[in-house]
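A.B. asks: Required output: the full structure, derived from the provided sequences and hints.
Protein chains: 2
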Amino acid sequence: MIKPLKIAIAGLGTVGAGVVKLLAGNAELIAARCGRPVVITAVSARDRRKDRGVSLEGVDWYDDAATMAERADCDVVVELIGGADGMARRVVDAALARGRHVVTANKALLAHAGAELAAVAEGRGCVLAYEAAVAGGIPAIKVLREGLAGNRIQRVYGILNGTCNYILTQMRRTGRPFGDVLADAQRLGYAEADPSFDIDGVDAAHKLAILAALAFGTKADIAGVHVEGIRHIGATDIQFATELGYRIKLLGIARMTETGLEQRVHPCMVPLETPIAHVEDVFNAVVVEGDFVGRVVSEGRGAGAGPTASAVVADLMDISRGRASMTFAVPASRLVDAPAAPIDGHRGAYYIRLMVRDRPGVIADVTAALRDQKVSLESMIQRGRHPDAMVPVVLTTHETEEAAMRRALQRIEALDTVLEAPRLIRIEAL
Amino acid sequence: MIKPLKIAIAGLGTVGAGVVKLLAGNAELIAARCGRPVVITAVSARDRRKDRGVSLEGVDWYDDAATMAERADCDVVVELIGGADGMARRVVDAALARGRHVVTANKALLAHAGAELAAVAEGRGCVLAYEAAVAGGIPAIKVLREGLAGNRIQRVYGILNGTCNYILTQMRRTGRPFGDVLADAQRLGYAEADPSFDIDGVDAAHKLAILAALAFGTKADIAGVHVEGIRHIGATDIQFATELGYRIKLLGIARMTETGLEQRVHPCMVPLETPIAHVEDVFNAVVVEGDFVGRVVSEGRGAGAGPTASAVVADLMDISRGRASMTFAVPASRLVDAPAAPIDGHRGAYYIRLMVRDRPGVIADVTAALRDQKVSLESMIQRGRHPDAMVPVVLTTHETEEAAMRRALQRIEALDTVLEAPRLIRIEAL
Numbered sequence: 000m001i002k003p004l005k006i007a008i009a010g011l012g013t014v015g016a017g018v019v020k021l022l023a024g025n026a027e028l029i030a031a032r033c034g035r036p037v038v039i040t041a042v043s044a045r046d047r048r049k050d051r052g053v054s055l056e057g058v059d060w061y062d063d064a065a066t067m068a069e070r071a072d073c074d075v076v077v078e079l080i081g082g083a084d085g086m087a088r089r090v091v092d093a094a095l096a097r098g099r100h101v102v103t104a105n106k107a108l109l110a111h112a113g114a115e116l117a118a119v120a121e122g123r124g125c126v127l128a129y130e131a132a133v134a135g136g137i138p139a140i141k142v143l144r145e146g147l148a149g150n151r152i153q154r155v156y157g158i159l160n161g162t163c164n165y166i167l168t169q170m171r172r173t174g175r176p177f178g179d180v181l182a183d184a185q186r187l188g189y190a191e192a193d194p195s196f197d198i199d200g201v202d203a204a205h206k207l208a209i210l211a212a213l214a215f216g217t218k219a220d221i222a223g224v225h226v227e228g229i230r231h232i233g234a235t236d237i238q239f240a241t242e243l244g245y246r247i248k249l250l251g252i253a254r255m256t257e258t259g260l261e262q263r264v265h266p267c268m269v270p271l272e273t274p275i276a277h278v279e280d281v282f283n284a285v286v287v288e289g290d291f292v293g294r295v296v297s298e299g300r301g302a303g304a305g306p307t308a309s310a311v312v313a314d315l316m317d318i319s320r321g322r323a324s325m326t327f328a329v330p331a332s333r334l335v336d337a338p339a340a341p342i343d344g345h346r347g348a349y350y351i352r353l354m355v356r357d358r359p360g361v362i363a364d365v366t367a368a369l370r371d372q373k374v375s376l377e378s379m380i381q382r383g384r385h386p387d388a389m390v391p392v393v394l395t396t397h398e399t400e401e402a403a404m405r406r407a408l409q410r411i412e413a414l415d416t417v418l419e420a421p422r423l424i425r426i427e428a429l
Numbered sequence: 000m001i002k003p004l005k006i007a008i009a010g011l012g013t014v015g016a017g018v019v020k021l022l023a024g025n026a027e028l029i030a031a032r033c034g035r036p037v038v039i040t041a042v043s044a045r046d047r048r049k050d051r052g053v054s055l056e057g058v059d060w061y062d063d064a065a066t067m068a069e070r071a072d073c074d075v076v077v078e079l080i081g082g083a084d085g086m087a088r089r090v091v092d093a094a095l096a097r098g099r100h101v102v103t104a105n106k107a108l109l110a111h112a113g114a115e116l117a118a119v120a121e122g123r124g125c126v127l128a129y130e131a132a133v134a135g136g137i138p139a140i141k142v143l144r145e146g147l148a149g150n151r152i153q154r155v156y157g158i159l160n161g162t163c164n165y166i167l168t169q170m171r172r173t174g175r176p177f178g179d180v181l182a183d184a185q186r187l188g189y190a191e192a193d194p195s196f197d198i199d200g201v202d203a204a205h206k207l208a209i210l211a212a213l214a215f216g217t218k219a220d221i222a223g224v225h226v227e228g229i230r231h232i233g234a235t236d237i238q239f240a241t242e243l244g245y246r247i248k249l250l251g252i253a254r255m256t257e258t259g260l261e262q263r264v265h266p267c268m269v270p271l272e273t274p275i276a277h278v279e280d281v282f283n284a285v286v287v288e289g290d291f292v293g294r295v296v297s298e299g300r301g302a303g304a305g306p307t308a309s310a311v312v313a314d315l316m317d318i319s320r321g322r323a324s325m326t327f328a329v330p331a332s333r334l335v336d337a338p339a340a341p342i343d344g345h346r347g348a349y350y351i352r353l354m355v356r357d358r359p360g361v362i363a364d365v366t367a368a369l370r371d372q373k374v375s376l377e378s379m380i381q382r383g384r385h386p387d388a389m390v391p392v393v394l395t396t397h398e399t400e401e402a403a404m405r406r407a408l409q410r411i412e413a414l415d416t417v418l419e420a421p422r423l424i425r426i427e428a429l
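First to last, the protein sequences are chains F and V. Going by numbering that gives the first Met the number 0, the first residue of the first sequence is number 0, and it counts up by one from there. Going by numbering that gives the first Met the number 0, the first residue of the second sequence is number 0, and it counts up by one from there.
What the hints contain is simulated information worked out from the structure, not anything from laboratory work. Small disclaimer: the values here were computed from a predicted structure and weren't measured. For glycine and all other residues, C-beta sits at the position ideal for the given N, C-alpha and C.
Label pairs and their calculated CB-CB ranges:
no.	chain 1	residue 1	chain 2	residue 2	range
1	V	P3	F	G98	21 to 31 Å
2	V	L376	F	R172	26 to 36 Å
3	V	D415	F	E27	54 to 64 Å
4	V	E56	F	D84	52 to 62 Å
C.D. replies: And the structure:
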């Protein structure tokens, strides 16, 4: 008699219900690939009476998820509540304390307390798996931790937030401004009522901190991520990007540098020739650069019930098969505290968009400010003539240091003829 | 005292030397991620004196690889000789007979004898790992077998041969004919002196048969793959493809249909909007479509010392960590013999290029032949007028059955005014 893998699910929102559906719909195939059935023995959610379109017959119900994590008859606790603390944290703590494996989709929790939880899991001989926490259905964690494990990782980056990618894609396709497209996305369910977590880059930062920890053997350091969102991207910027041969993407980028771990999330100008430029709509992509393998790109749906459930179930199947991995690829005791490389030291090319009064001498003042900071200009575009009206001027620079760029922009912003705060978008060499 | 993982390597060509370099160069990092060092204890190759740019000090040398597989002091035998039979087969047989794990990059062996070898490995409690056999550095096997394991796979397809993709990319960029670009590729080392294995689609067929077995739980069936290569793609076809909004790619495509397992390798017209259209040069890509996850695309280098070594070492690290998988995801005894779906039953749209004598009535004869087979025309292009000269005529059809298309083409080929065999390229809805 083969013993099933018994799981308890905390949280029955979109993802939780998706996991129940997947385990039911593909039960036979999963059992064949696992060597045994995966059975849900207990669940916990806020409202017992809510219709979730899934059958929970014969499954124990717990009103309190932490109690379930401690007491339910299960091998694995699946945490799908979310949030860096509160109930999600209590569930994971309770499960690990009881020596139960944990599968979670909780990026905030991993980004804030990853190293600490990894140490606890390791101490208890438990798996702490989190494929669903980064890039939804893309097996990005598995690719990085196992598939490319022989490589020294040189850089990891990606499109880690589907909401932002959808908005930027729609802005380009329709030419409409950010606010309108965001409102549409909210209507379609691609953006939350309070969209700040997505559009201000926080969600992408959590995911990047996890990828960086895994890639570089560091303790996840969310505080070390430089974060900018997409609120300030104008329809004008999208147009100029197209004209210059770029797409604007919100990227998360991590790299180990001489001054420390570089982690940044911000809009980027991405050359059209690079694969990630063609990742559109709600799709995510994760790019890993390794010293032997070169560049490996993984693309797929970064959110939604089906893709996220796919990732959760992959973790369950690994546990069922005994394919355990270290949480962050190496023993928790070996994870290091890397200093954060300051964004001021970043070197790269820049796109700058100014709104200026169309008047003789403006460009001379602007270029003088750049010259004084030794910022070398690559191109300048000013379309048409509209004497005394407000017009956009776009500059692109050669590689320069961020600190110099910022000093130049301070002086430019102080010019009488510069009517709005300059917009800066980093041009990425990918 | 932690025991190292001891490996013996059969074959020290490009890939074998790459594995030695990778294990040496990243030894510390690999040991940290494996929990123990990975140590080469024995090697075998044809010429002992050849300089491979790697140190083999202290490593046992065997002139006969099969003897090494049987006798060397090792846990894993790495087979990098290649070929469906002969020495490669003897090495794998000898290793498994001794209860040793096998890691191989040998696609021909897996495609021809995968199910049989899987059964032997399983019976001996050994791992038979072959990440390097498909798509080089892309962890395509891991993604399909583990990362997306919860999904019923609906289709798997990809650009599986870097030589062909390089040639097709160069033809498009330069407008030069196939033969010239092939000669260049040979000079650059991207194509073999005898290129038929690559350009006739045989290599891609091997890889597709492995992916299909894994995706659908079938016995690898190389004989069931419909194979066409890229020799007949003309510069004209490349130009028309661009004009029509397509890229021409050699794809391997597998799908389970009502009439059996569909496996086909042939040039395809791929819409520019699909991610795979932008996979260029020597890069490979594997696309998996699962019922819950949707579409997941993995892209990277499909060949070369570094990427292939990366895949071999990932397999070694999985073995070291005890992350064993079933060879084809399910027990070998459950792998089924699926009948091959005949290509005649394929339904899809087609691109047809004719070389005709420019004369009144030609198009009427051609379209009548199509009409009689109920093939519905989508577009027709005939550029310019050159009375009585040979000119290309390009037709695209709506979805139709391959058998009907072929009957129509037979009649078209028999027309006096059709001067060359019609060229058919399938248009893929991806």
